[in-house]
Amino acid sequence: MDPQLTEVSQQFERFKAAFVRKDYNSCSDLLSQLKVLLTKFTSLPPLFENTPNAVQELTIARDIYEHAVVLSVKTEDQDAFERDFFQLKPYYVDARNRLPPSPQENLILGLNLLRLLVQNRIAEFHTELELLSSATLDNPCIKHAVELEQSFMEGAYNRVLSARQTAPDATYVYFMDLLAKTIRDEIAGCSEKAYDYVSIGDARQMLLFSSDQELFTYVTEEHPEWEVKDGFVVFQKAKETAPCKEIPSLQLINQTLSYARELERIV
Amino acid sequence: MAAAMVSSAGGLLAMLNEPQPSLKHHALSHLNNLVDRFWPEISTSVPIIESLYEDEEFDLHQRQLAALLVSKVFYYLGELNDSLSYALGAGPLFDVSEDTDYVHTLLAKAIDEYASLRSKAVESNEMVDIDPRLEAIVERMLEKCITDGKYQQAMGIAIECRRLDKLEEAITKSDNVQGTLSYCINVSHSFVNRREYRHEVLTLLVKVYQKLPSPDYLSICQCMMFLDEPKGVASILEKLLRSESKDDALLALQIAFDLVENEHQAFLLSVRDRLPAPKTRPVEAAQAVETTSTTAPNENPSGDVQMADETPAQTIVHETDPVDVTYAERLTKIKGILSGETSIQLTLQFLYSHNKSDLLILKTIKQSVEMRNSVCHSATIYANAIMHAGTTVDTFLRENLDWLSRATNWAKFSATAGLGVIHRGHLQQGRSLMAPYLPQGGAGGGGSPYSEGGALYALGLIHANHGEGIKQFLRDSLRSTNVEVIQHGACLGLGLSALGTADEEIYDDVKSVLYTDSAVAGEAAGISMGLLLVGTATEKASEMLAYAHETQHEKIIRGLALGIALTVYGREEGADTLIEQMTRDQDPIIRYGGMYALALAYSGTANNKAIRQLLHFAVSDVSDDVRRTAVLALGFVLYSDPEQTPRIVSLLSESYNPHVRYGAALAVGISCAGTGLSEAISLLEPLTSDVVDFVRQGALIAMAMVMVQISEASDSRVGAFRRQLEKIILDKHEDTMSKMGAILASGILDAGGRNVTIRLLSKTKHDKVTAVIGLAVFSQFWYWYPLIYFISLAFSPTAFIGLNYDLKVPKFEFMSHAKPSLFEYPKPTTVPTANTAVKLPSAVLSTSVKAKARAKKEAEQKANAEKTTGAEKSVSESGSGKGKASAEKEGDSMQVDGTAAVEKKAAEPEPAFEILVNPARVVPAQEKYIKLLEDSRYVPVKLAPSGFVLLKDLREHEPEVLSLTDAPTSTASPATGAAAATQGTTASAMAVDDEPQPPQAFEYAS
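Chains as they are written, first to last, in full-length UniProt numbering: chain Z, 1 to 267; chain B, 1 to 1006.
Incorrect hints may have been included.
[To be verified] Between beta-carbon pairs, the in silico distance windows are: (1) Thr105(B) to Lys74(Z): 45 to 51 Å; (2) Glu147(Z) to Pro21(B): 39 to 45 Å; (3) Glu7(Z) to Pro21(B): 17 to 23 Å; (4) Asn50(Z) to Asp95(B): 52 to 58 Å.
In case anyone wonders, no lab produced these hints; they're calculated from the structure. Idealized CB from N, CA, C, for every residue including glycine.
Whole structure, please, built from the sequences with the hints as guidance.
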């Protein structure tokens, strides 16, 4: 067996061990070492060279990145998630006909969808969705994300919140929590537009807080422009949009006249 | 599937955000390979990559990689400036030898950038900060071109970027140095727009040339002439002449001829003066003649020079050192050539011996124009002069003395001046020819001032650009008179003869005439000052301008304006201040001069800035004169690139303003003169039937200029044009203006006995100063008809004249590999019988043709019977015109058949080539067909299809057969000439043998 491959797999074993131990710090260290090692394999994307060990290398690389994605969820690091997912993606998309499909694939794809939902990147969400086959769409992980999105769009926020219980995998919980916050932001944005002021009780109910205290912290942290007084939350109306710029009529008239003069003069 | 590709660069882009530098590097290098496909994706991440490039912590290689990547993305985004600046950041990673669009585009961009920076640095004379990295890239590119053997590219880039050091390197390293050098000369003439820089390039080229083991002296001397370095040329010539080898001497003579062709009088004179004076007696004699001829008008110089040339053998006896003798002999020859005398004399002989002018055309014109119409009358005289320019044939005038005597006043002036055109170049006998008309010092011989003034002008025309011998006489005449007509003639004559010499004394004389503030004399003085100072761009221009503002006479202002324009001839940017000053003037006449200044300063450069300015004035000035001139001036700017002109002025030729149309016609005429360019003819054709008379006039003249020497066989429209001219001249109801145009056009079309063309560029693609100036002043005939004669300065003989070592014309055959009919002389017009000549030139009408014409006429009349009588009349006229035309045509063909039958069977196919005998007429279009016969006795020193070519004799000991023996050689015994001179008035006595007859003294019945 290729020494490099051996080295990678040994490292990977150590990484997995640390992962099971939930020693996420050493996991991160090991992971970055692994990534550097992986750059030496020419069979990996974007080169896809046909080396003798191509399949093993691809498989192990894919495995590493899948773990990396899950790790980033565990460490609640969204940027790392995005990075790792993008690096993983070529293994799913471009290496599909070289490798047996990964059991983790749908789980990871679902996670990614959820992440996009959380970050409110709906366009990208749908782009991702378009890339999936109809068979995958039936997969519980994917289906979960799709249903969430639909409820989200309908405005059936309670359904979204209740879906937390039906999450297909433990890793999803992290995103479901984040989702609740996304929903809250959405509601806050809508109410701001819809009302001039709302009573504290209504506001608490609308924003799905269990206590007034939570509401107050939310207001001070996220929307400092809101005012809480006399038992009401007063939204600051968005400032009137500036009127349209005036048309530079004089300048236009002058220009047109000079064109006319030039035209007369030509030839 | 071996070539599985990633479908997105997302993975790699994500990797850029990894904290590990090695991962970033990995991602960058892969992205760099994939950028061609995934640049849209990458473009969104450009800020990240940019920050990588700017991150000081990275190692250099990685940052350069990032820069390269960003550069490529910007390239795909079309942001070439950003792309270039990042490519510079990429340092050595930007590989100039890579064969991709990216690299090609960026290299081009880099070179452009560099070139513009460099030229800005030079032009504004300040240090512009040039990115050393940019310079490095361009230098790498140059190195690569040189190592790859692509010298032409390297030279192009080097010239463009003003890197003369690299240019030199490219030339010296190339494998064919001679070839590259001549390529470089071409390039510098056609693409280097700034005059000063062109000079630098040429200086360098001369330097390189001189380092070569076997320098190409012909090219060096051409360069030096351009640089105005007479010293260098003189030393080269001297070296060649001193050489033992006869070939070297031949080469020197050839160089001299080539220099003369460019008509740079001041330069030629200074070269000549720098050559050492020969010691042998004949030369002394010749020189003595030269000098004395100016002071002692009664001594005839004609024979002596010639004889001296012919008889060196006799004088050699006195010498001891044969080397010195040959050297001296050669010096004499070369001085003769440089002074222009040899070539003028040979040209004169050629034009005389090959004169094929058709007197019948003139006769027809003469008979058809009304006697009392003085405009047409003098137009006929002009046409005659132009037709016989330089041929010394004045038969027509001689035969029609009575008719000629109708010319009075200024017409008499121009009639007399016309003799100057006819005898152009008759340097030796010019004085004696004109003697009867010249002012008789103080005696008040009763001659009309008009003919006296005309005679002085004629002398100028005879000696145009070679006025060594006549200057003094003209000055004396100018000083001794205060009649403004004579002053007018003398000023013009002086200007012509001392063209471009910037002679201070003459200038002062002319200036004093100017300050008399007489309109007629002042106008000529203005032009004359310009002629004197051609191309000098002196301070005197501002003096002239000041006077132009002072004086009240429009004529003087106009003369001065043109004069000022002449002084900036060929100065390009150097003239910009003056041009600016003139074109912003309040006075339209000065602005008008400004247009000429633009035309002449940028003549033949096709400079975009000048074209833009002229077009601007052509559409925006308030004065018609200025607009007309602005359009006309385009012709001068564009003559080096005649194909362009019709395209540029085509819109203007459809202008509502007749002045603009006129200008467009002449612009085409000037720039396409003698080319027979099809587009030019198509543009002019509709203008010849314009509604406005003077537009027709301009179009006809322009058409004639374009068609000069084009045979009917190569463009059928030439024949049609000839018939049109004839129709206009014969038509009683035609306007005088267009009639005059038609008469002049027939003159130009058959100019110089059909052996000359109008040429503004010499064979080496230099501007011919005299020709350009000639046409510029000629275009002034709008205001002053006598200036028409200036067109003769633009005529250059289309001849191949081979010369042997003794500057004689040996018999020598060569081949023109084309059908003879393509380039033959136009057929002479048919001989009419005396009684029908006035109406119908063709007398051999068969009855059937007549009947047909009549029937046609009747039918047309009938058809139009219902129409109004006026309409009917015109239709019947046109019908008859048509009938006439067709009748003529058939008459023509009959005549042709007849002659053909006499010569040969008409059916016999035309040979595909013809053998020409030295000296031969070789029209410009024919030049590419000229071939030398293989077993010829003579071999030319340089390969040239026309002009003066020195021949190397391969069989020196055989006796030579000389041609041109029937020519007007000046072998006339000096006694005859002297006698003629002393007898003075009885000029007829000069007629000797087959020498061209000087004209009789015409008696004016005024």
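Q. Falls inside 45 to 51 Å, the C-beta gap from Thr105(B) to Lys74(Z)?
A. 49 Å, holds
Q) Taking the CB of Glu7(Z) and the CB of Pro21(B), does the distance hold inside 17 to 23 Å? A) 21 Å, holds
Q: Starting from the hint 39 to 45 Å, judge whether the C-beta atoms of Glu147(Z) and Pro21(B) obey it.
A: Holds: the Cβ-Cβ distance is about 43 Å, inside 39 to 45 Å.
**Q.** C-beta pair Asn50(Z), Asp95(B): status relative to the range 52 to 58 Å that was hinted
**A.** 28 Å, violated
Comparing the model with each earlier hint shows a violation of hint 4 alone; every other hint is respected.
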